[in-house]
Every structure is written in structure tokens, then in C-alpha cells.
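So the sequence lines, in the order shown, correspond to chains A and B.
Residue numbering for the first sequence follows the working numbering, starting at 5 and increasing by one per position.
Residue numbering for the second sequence follows the working numbering, starting at 5 and increasing by one per position.
Any given hint might turn out to be false.
Because identical chains share one entry, a pair is satisfied inside a single copy or across any pair of copies.
Said to hold, decoys possible - Below, a list of computed lysine to aspartate or glutamate pairs in the DMTMM-like style, where the Cα atoms sit at most 25 angstroms apart: (1) K100 to D76; (2) K199 to E319; (3) K234 to D212; (4) K140 to D31; (5) K140 to D58; (6) K140 to E189.
Hints listed in this document are in silico derivations from the structure and should not be mistaken for laboratory results.
2 protein chains.
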Amino acid sequence: MIIEIENCADSLLEAQSILFLCHAHPDGDTLGSATALAHALKGLDKTVAVMCDDKIPQRFDFMFVGIKQVVDFEPGLIVAVDVADTSLLGRNAQLKYSEKIDLCIDHHASNKLYASAVWLEPDSASAAEMVYNLIKKMELPISKQTASCLFTGVSTDTGCFRFSNTTPRTHRIAADLIELGADSESIIQTFFETKSRAYASLERMALDEMQFYLGGRCAIMPLTRAMFGKSGADDSDTDRLANLPRQVEGVLVGVTLKEQSDGAFKASLRTHGDVDASAICARLGGGGHKGAAGVTLNVSMAQCISRLVEEIEKEIGE
Amino acid sequence: MIIEIENCADSLLEAQSILFLCHAHPDGDTLGSATALAHALKGLDKTVAVMCDDKIPQRFDFMFVGIKQVVDFEPGLIVAVDVADTSLLGRNAQLKYSEKIDLCIDHHASNKLYASAVWLEPDSASAAEMVYNLIKKMELPISKQTASCLFTGVSTDTGCFRFSNTTPRTHRIAADLIELGADSESIIQTFFETKSRAYASLERMALDEMQFYLGGRCAIMPLTRAMFGKSGADDSDTDRLANLPRQVEGVLVGVTLKEQSDGAFKASLRTHGDVDASAICARLGGGGHKGAAGVTLNVSMAQCISRLVEEIEKEIGE
Numbered sequence: 005m006i007i008e009i010e011n012c013a014d015s016l017l018e019a020q021s022i023l024f025l026c027h028a029h030p031d032g033d034t035l036g037s038a039t040a041l042a043h044a045l046k047g048l049d050k051t052v053a054v055m056c057d058d059k060i061p062q063r064f065d066f067m068f069v070g071i072k073q074v075v076d077f078e079p080g081l082i083v084a085v086d087v088a089d090t091s092l093l094g095r096n097a098q099l100k101y102s103e104k105i106d107l108c109i110d111h112h113a114s115n116k117l118y119a120s121a122v123w124l125e126p127d128s129a130s131a132a133e134m135v136y137n138l139i140k141k142m143e144l145p146i147s148k149q150t151a152s153c154l155f156t157g158v159s160t161d162t163g164c165f166r167f168s169n170t171t172p173r174t175h176r177i178a179a180d181l182i183e184l185g186a187d188s189e190s191i192i193q194t195f196f197e198t199k200s201r202a203y204a205s206l207e208r209m210a211l212d213e214m215q216f217y218l219g220g221r222c223a224i225m226p227l228t229r230a231m232f233g234k235s236g237a238d239d240s241d242t243d244r245l246a247n248l249p250r251q252v253e254g255v256l257v258g259v260t261l262k263e264q265s266d267g268a269f270k271a272s273l274r275t276h277g278d279v280d281a282s283a284i285c286a287r288l289g290g291g292g293h294k295g296a297a298g299v300t301l302n303v304s305m306a307q308c309i310s311r312l313v314e315e316i317e318k319e320i321g322e
Numbered sequence: 005m006i007i008e009i010e011n012c013a014d015s016l017l018e019a020q021s022i023l024f025l026c027h028a029h030p031d032g033d034t035l036g037s038a039t040a041l042a043h044a045l046k047g048l049d050k051t052v053a054v055m056c057d058d059k060i061p062q063r064f065d066f067m068f069v070g071i072k073q074v075v076d077f078e079p080g081l082i083v084a085v086d087v088a089d090t091s092l093l094g095r096n097a098q099l100k101y102s103e104k105i106d107l108c109i110d111h112h113a114s115n116k117l118y119a120s121a122v123w124l125e126p127d128s129a130s131a132a133e134m135v136y137n138l139i140k141k142m143e144l145p146i147s148k149q150t151a152s153c154l155f156t157g158v159s160t161d162t163g164c165f166r167f168s169n170t171t172p173r174t175h176r177i178a179a180d181l182i183e184l185g186a187d188s189e190s191i192i193q194t195f196f197e198t199k200s201r202a203y204a205s206l207e208r209m210a211l212d213e214m215q216f217y218l219g220g221r222c223a224i225m226p227l228t229r230a231m232f233g234k235s236g237a238d239d240s241d242t243d244r245l246a247n248l249p250r251q252v253e254g255v256l257v258g259v260t261l262k263e264q265s266d267g268a269f270k271a272s273l274r275t276h277g278d279v280d281a282s283a284i285c286a287r288l289g290g291g292g293h294k295g296a297a298g299v300t301l302n303v304s305m306a307q308c309i310s311r312l313v314e315e316i317e318k319e320i321g322e
């Protein structure tokens, strides 16, 4: 059932114990939105926990100070945040919770409507924007820590206000969050302005291997296990590499192709203008947003490139 | 004389003909702010022109549609916008106008107060933020084109909302400008998300030559004429390279060292946290803001590096 923000607020306020579920391979939006809700509702003496199937990278630690990550209670309400499909919960959480999700708060147009109640805003740049409005609707106070959780979601899901999903609302919420004490400077420094030397080295290798297709309208940048080994870069901090191929003049579809530990390739697409990345990925079994989408292909790199270029050509024409 | 926004508005509204002066080596803020004022005041049947001593790069052309760049009238008011010192006007404009500037609108704390009247807001992230408020104070309409001029200034002077000068006001003005029709998507794409292949190649070369000093707290990246020659990159689009050295983990002061056609080196400093880039540059004869400053040194590259590292060490300690 599709619900509105008011119903969503009522459900959360009525529940005595709430489990928030994040998607696997967690990012700033799923973690920031879930922890912000947990912080805000904890103030009402509810029992809350935030769970993610994957290890949470250290740079998100500040969000979890005071938040339980172990589910040692029987949750009265199970809420998925920023999770478009139960398959994205990760294997353990999917097995355990996929049939039991009461409420889903999400901004992905591709949401599979798997929860009993779904509050969906496909035009929202981030789940964090929705959650900011939701906490205000519930008339709960927003602490500095909560503001920082939300600012992380708002900024990371918009490439720090650069992606085309950024709206006037995005900027106004960012302004409010800074006034509420969000540590915007350190968040931006951590998530956008800091590269480890290993990461910087990986970036140089990857840029050197970038190839162009379809008359320069498509750029594909491979990230192999060998590059990770040679650079010493950490797997977890490579999301922003995905934006680099699209930055080259004339490129409409930029792709990073990250070799997984099992030999599969995870393609992350970023597009310009009217080109629909999620349509391209959907035809290969993936999904996402119009400007940013992904798909994992269990074939060789050469086959992977060939299939992607074929589908991209269908989308952007000859 | 230091004046307030009201006096500034009165001066502009009273004048029948106005010449706006931009700084040489023009950027999005000086050009966007001056052209926005020109567009807004032109609507009142005033004669206006915007002048810059240097050639204006093509990506700013949209600002000048309908704006005169030739001064074929005797200006009743001469206004410098985003110009901290008359020496920054460029040689010709300095000779012609430096003694005659009636009004200066600026956000540089280092402003030399050379004009008869100065409206200064050192806490404003950009001159464009001031000009937005000024146009509203004058109760003049803001067209889509004017909004785009201002959005360019607001976004480029904050590294697209990343630099620490970004405030809640910056975000709220950005929101207003998008609602007024600023073409934020194309502006961000042009100024932040597009690299020519030549530029991408220059960036790789420069990153390969980056060296670390002071235990990794200072990174210096040289940009030689040879690199420009080899990559085919254009001199005019290299400002954002200045942000790269600071991005490496542990770096407090990031420097690009750009060889000029006369053999001098233009150092651009970007700092983190409390490190004052303008103090370092001031001791070498340059200036700027706390987080971003510059200085031109007419010595060899080796001497240049040695002097910079010496002054940087004084600022950040051992």
C-alpha cells in the first residue's frame, strides 16, 4: 500500500520498538537516513536498532554513536530505508526479514513495493531529504548528530549538490541542516575532498585504462583486482570513481567496471542529460536512477563491455 | 568610505550610465556578478557596459548576450565588482580607471578600499551572493539569464558548495536562483563536470609530478609549459586543478605551480581547516582568502618551491 508522510509519521510514533534496515554495500544515504530516524525516535524512549548486512565503513562511525546495531529485541515495526528491493538487503537480512517489512521509506522510482506500506518520493534527491521532512512532521528535535547524519545523505546522494537530482528543496534542507549544527565541513572533506594516496594511485591507473566507444559518447573505465592490489586501495571507497568517465567532454554515458572478488563485474553507469541509465541497466538485470544506475554481470570483461556498449547504443542511438 | 547595501542600491539606481569593471584573469564570480547587475539595471533604461581587461573565455558567453563590452559612453558611475585591488584590473584598465572608481562591491577581506565607496562583505562566499541581495534590495526583476549569471558566481566561488566558505545563505540563494530559472544543470556540467580530453591528459601528467613536503602536510603540483604543450590543454581552464593537491589525505596546504609564458610561476594555494592561505601568500606579496590564495613569483621553480615550503612551514609549524 502506498502511503503519505502523515501515515508514515503515525506508524513510527505508534511503534514501541523499531528495526531500521539499510541496503547492503551501504552508502551515506541509507545509513544517514536510518540512523537519523533512530536518533530522533530514541528520544521518545523507544527501542531502536539499525541493521546493515555488510560491514559499515569506518567513515560512517559517527552516525552510530548511541545507536544499537544488534537486534536483541522483537521489533514491533520493521522499516527499510532507501532499499528499492529486498534483494538489496544482503543475503542474511533478506532471508530473515524480506517477508516481514512493515514500512519502506524510499526515493527510488524502481521500488518493488515489497513492504506492507510504502512511502515513496521518486523526485526526492535522497531518502535523507524525505527523512528530514518526516522528523519535522513528527515534531521531534534534530540534534547536531542527527543533522550530520542527514547532511551526509543529502550531500552524498547528490554528488555534493552537483547531480541533476539536486532541487531547490535539496539546497534549502542543506541550509537548515547546517544551521542545526551539521558538521558540513568535515563531512564534505571526508566524503568528497579526501583521497588516500592509495586511492589517488588507483585513480591514475584507472584513468590511464579508460577507453572510448560509440564515437566518444561512451567511456568505460576498468577497475581490476590487479589495480587494487598494485595501488593498495580499499574496495570500499571507490564509489566516486564512477563519476570520472562521464566528465570527459562528449561522453554521454560513463561506466566503471569493477571486478568483484568472484570474478563478476559490477558496472556503474552515470549519464548526462536525457540518457536513462536505469533503462540501460534494467535491460541487463540491474536498476537505479535515471542519471546513475548499476548492474552486475557474471561474464568476462570483454563480454561485459560488449553487452554494455550494445545496450548503450540502443539507448543513445547511432 | 565603507557603505551598506542600501547606499549601494541608491548609487546604482541614481546613475544614468554605469561601467562595471571585472578583475583580469576573469572567473565566474566577477563576470557573473557584473553581468547580473548590468542585466538588472539595463531594464531601467540605463546605459551599462561590463569591461574586463583579459579575453573572456567562451564558456562565459551566455552572460554577455545583450550586454555591451565596449565603453562608447562617458560613464556616470564606475563600479568595480569582486576586485580587491586596482592592480587586479589588468594593465589597461588599471591605467585608465584606477583613480576613478566610484563604487566597489567585494567580498575579499583583503580589499584595499581604493574606491570612493566600498560595500564589503568578507563573510560572503561570493560577490554574486551580495549582488543577488542587492538586486532584490533594488526591487528589480531577475530574469532566467540573470539568475544563471548569479548561479555561476555562487557555484564557482564555492567549488560547487564544497568549500568552507559555503553558508546556509549560499544554499538558500542557490535554491532561489534555481527557482528563478538558472540553468544550474548546464552551468554545473560546464564548470565542474566537463574535462576536455586534453585537460584530462594534463591532469594525469600533473598528478604524476605531484610531490609531498613537510611530512606529507604540503603537496606541490607543477604545471609546466611543456605539460601544456604535450597535452594540448588550454591555459584558461586550469583553475580547478588547484583543488587536487589538497585532496590527498594528510595534506593541509595544496599548491599548484603554473609556469607563466614569461617564465614566472603562479602559485595557487588551497588549505584545510585553520590554515590561512592568504597569510602565507601575503608574506610573499600575494593575497586572497583564508582557504584559497595565490602569489606570482618571478624565480625558478626550485626557488619557488623552496620559498613556498619555508613560508608554509612557518604557518603550519614543524
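Subject >> Hint numbers not upheld by this structure, sorted from lowest to highest >> reply: 5
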